[in-house]
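*Asks:* Those protein sequence lines, which keep their order, are chains A and B. Residues in the first sequence are numbered from 1240 upward in steps of one, following our numbering. Residues in the second sequence are numbered from 1240 upward in steps of one, following our numbering.
Be aware that a few hints might be false.
[Claimed, not checked] Below are the SDA-like pairs computed for lysine to any residue, each with C-alpha atoms no more than 20 Å apart in a straight line:
no.	chain 1	residue 1	chain 2	residue 2
1	B	Lys1313	A	Ala1272
2	A	Lys1313	B	Ala1272
3	A	Lys1313	B	Ala1268
[To be verified] Listed next, with one range per pair, are the computed distances between beta-carbon atoms:
no.	chain 1	residue 1	chain 2	residue 2	range
4	B	Glu1296	A	Pro1336	34 to 42 Å
5	B	Lys1313	A	Lys1313	29 to 37 Å
6	A	Gly1327	B	Gly1290	53 to 61 Å
7	A	Ala1316	B	Cys1295	41 to 49 Å
For the record, the hints were derived by calculation from the structure and aren't laboratory data. Glycine residues also receive a C-beta, built at the ideal position from the N, C-alpha and C atoms.
2 protein chains.
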Amino acid sequence: MAERQPDAAGCCPPVLEAPLDESDATELAQGFAALADPIRLRLLNLVATAGEVCSCELMAPLGRSQPTVSHHTKVLADAGLITGEKRGRWVWWSIVPARLAEIRDALGSAEPARA
Amino acid sequence: MAERQPDAAGCCPPVLEAPLDESDATELAQGFAALADPIRLRLLNLVATAGEVCSCELMAPLGRSQPTVSHHTKVLADAGLITGEKRGRWVWWSIVPARLAEIRDALGSAEPARA
DNA sequence: CTGATACATCGACGCCTGTCAATACCAGGG
DNA sequence: CCCTGGTATTGACAGGCGTCGATGTATCAG
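Modelling step: build the complete structure from the supplied sequences, incorporating the hints.
*Replies:* This is the structure:
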């Protein structure tokens, strides 16, 4: 096998090591596409920092209209990055950390530094 | 214009932990946008697995024309994910693992806390 | 110098996406 | 029941992106 020295980032990222299938690449690219928008990143940040946020509280800090916020929440929810729980008239959004970790690990596991 | 350099000092703007600035979100989104394409992911994978690849060897496995491959290499290089070294007629592309790690860390520090 | 090769750039096309106004849907209050 | 308020959906628009053919530029072989 090709011996490859871990240069700086600890060890060997899986995306950079294992052969990447076309369907896997497409699916992974969709995950990144959901993150490839500053509004969605800030939305994710708002939800994460607040723990639970309703959509009405996202419009002001994001500076976007209600349909636009709804669109972004849908994109993130469709990507599995957030989940919405409808309580009464409000939808409370929360982060799905497992999904974040999944995408993060695709860029390389920074963890396996266990001796 | 004062463009933000990828901060080599501060490691990770934690998307899930700290408040995310608009410019930080935009810059981070650009990083993700570079990864939000299956062709580019596979290109990244090919370069990483081969260590060094010239563009001519990327056209066949990616199934894309030479201008398209050149476009994607430019996008990835502009995002700092790969670097091209011109040797003779060929350009040899190689991964920049530090940038991968930087974007990965932005998705949340997988490490709970360094004691 | 001439030809061939590797890569970058340009122009154009079609698709996808972010955005908002308008509207429909759903839950709670009177 | 009707009204109010929060959210999702629709329709439409502008802009960006991926793609390729054609062309330009640089480098090597002869």
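*Asks:* Evaluate each hint against the coordinates.
*Replies:* Hints, one by one, checked against the model:
1. B/Lys1313 / A/Ala1272: holds (19 Å)
2. A/Lys1313 / B/Ala1272: holds (19 Å)
3. A/Lys1313 / B/Ala1268: holds (18 Å)
4. B/Glu1296 / A/Pro1336: 34 to 42 Å: holds (39 Å)
5. B/Lys1313 / A/Lys1313: 29 to 37 Å: Taking Cβ atoms as reference, lysine 1313 of chain B and lysine 1313 of chain A lie about 32 Å apart, which means the hint holds.
6. A/Gly1327 / B/Gly1290: 53 to 61 Å: Holds, since glycine 1327 of chain A and glycine 1290 of chain B (Cβ atoms, about 57 Å apart) stay within the stated range.
7. A/Ala1316 / B/Cys1295: 41 to 49 Å: Roughly 42 Å apart at Cβ, these two residues keep to the hinted range, so it holds.
This entry satisfies every hint, going by the numbered hints stated previously.
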